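**Q** Place chain B on chain A using the hints.
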Amino acid sequence: MRDISINVDNISKHYGTVTALDSISLSVNKGELFGFIGPDGAGKTTLFRILTTLILPDSGKASVEDLDVVKNYKEIRRSVGYMPGKFSLYMDLSVEENLKFYATIFGTTVEENYDLIKDIYSQIEPFRNRKAGKLSGGMKQKLALSCALIHKPSVLFLDEPTTGVDAVSRREFWEMLKRLKEGGITILVSTPYMDEASLCDRVTLIQNGKILKISTPGQIISEYPRPLLNISSDDIYRLIQDMPEYQGVISSHAFGHSIHVSLEKDIPDFKEIETFLNQKGHSSVEINRITASVEDCFMELMEKK
Amino acid sequence: MNNFRENIIVVKDLVKKFGSFVANDHLTFEVKKGEIFGFLGANGAGKTTAIRILCGLSYPTSGEVMVGGYNIYTQREKIKRNIGYMSQKFSLYDDLTVFENIRFYAGIYGLSKKEILERSTILLEKLDLTDSRNKFIRDLPQGWKQKLAFSVAIIHNPAIVFLDEPTGGVDPITRRQFWNQIYEAARLGITVFVTTHYMDEAEYCDRVTIMVDGKIVALDTPPALKEKYGCTNMNEVFLKLARSKTETVNNNLS
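Residue numbers (the numbering used here), protein chains in the order written: chain A, 1 to 305; chain B, 1 to 254.
Here chain A stands alone, though its shape is the one from the complex (with noise of 0.2 Å):
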């Protein structure tokens, strides 16, 4: 049996009269890169701010590392990073005064937990003196995850951290998790973009309070329930609009300069729905059948309930 790093149990939160979650629950194994996909008011934030500590769930139970989050908050609060999704350091302070500002508060020093930050935390190094106020988007991004780790955490948040960030930044940010991981730290990530999935050991995709799924990406994909075709032609608008008409379509999405389609049919006719296109005035019309993407599982999904 697996351990547990962290166990989510019926917990639900009501701001008002919105619910941000809504009887969530779940567990993260430990070791675990486990990701939170979802769009924005999902209620990612919500369950990371209390999995910190930060607020009380109206109901359920949670913990992390066996520690209870409402009983054992002080304990929770010395074991884990946690990045927020809003940049919180002080950006009046340098580089180097935020990173130390964190070890002291933790009560470690740097130079103790230099290991575990240093591939990170050497590639902004040679902006110690700047102002993190200062530092370009990926370099705030190399900080805050730095102050996060320094006093090594045994659980580590990480709160939509590739949220505006450029791809080649998301793409070192995600290489340095996995090699995080592989130092046996259990990385919870929450994102709002389908594509970084694949990159987790699991995800949850996480709507509206409710939890769509959770499982191995591999596994997503492969519970998809219909053939799915890829297809285009010289006019994306009107394919986008006349598609949906052809017999049979249960969803039809936009993907750039092609569209998704899926049939009720096992067997789909390609003929068929390239004459279709055709006397709709289509040219160019090109037929793939596709494995489905997360993005494409998401909105099957959402489309379900």
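No wet-lab data here; the hints were simulated from the structure.
Incorrect hints may appear among the rest.
Stated by the list, open to error - Pair by pair, the computed Cβ-Cβ distance ranges are:
no., chain 1, residue 1, chain 2, residue 2, range
1, B, Lys215, A, Glu97, 33 to 41 Å
2, A, Ile250, B, Gly230, 27 to 35 Å
3, A, Gly133, B, Tyr93, 24 to 32 Å
Quick caveat: nothing in here was measured; it's all calculated off a predicted structure.
Note that beta-carbon positions come from the ideal geometry of N, C-alpha and C, so glycine has one too.
**A** Frame of chain A, contents of chain B only:
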């Protein structure tokens, strides 16, 4: 979709320097009327600098720039009247109602009272927001805000709308509705100039440029770029072009 005619933006040898730092290094490109033009680059590549110039907010150091037929040096006020702007960071006022936001922006763009009433009625109906007319923006779901922000940015029928990282973390279905709105505007002849960090959105553009360190390193349709660099998606293209540079920088530092 590739039979665009007139150029709506013409940029020739645009250079912008801040002291000795070259933010835009001899940019040359054209954008066609009704085109969805993606402007991509890593943080710090020089996108914002270029957009500020195109919107008439800052002068280039040198080079020729025409936007909507107007000269960037001498006709900035005309340019400002003929463009719309939307960004995720700054769009609608949370503490104003839906209608107040529409009235505010339409007023700034110089629409008359009568026009504002007419257009806001049509707009509210189209977005299915008629019943929410008097709700505060802060009480609307993120996806609705985004759709409204875009509609407001084009309420004065501009020649060009600039979208600076327009889509945040909305759900995938709402995001597609948003892009459908963009297609629709382009159909009506509005040119869409869009920056984004999310390469799946780059796939929706007619053409994209990729900027690295102040220079344009690629400019073509997404399918052509994917073919040229042997990639299956725009993310790979972007990483190939933008990453090599970053690695050089990192190596130089260490």
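**Q** Now tell me if each hint is right for this structure.
**A** Comparing the hints with the structure gives:
no., hint, result
1, B/Lys215 / A/Glu97: 33 to 41 Å, "holds (35 Å)"
2, A/Ile250 / B/Gly230: 27 to 35 Å, "holds (34 Å)"
3, A/Gly133 / B/Tyr93: 24 to 32 Å, "holds (26 Å)"
Checked against the numbered hints above, the structure breaks none of them.
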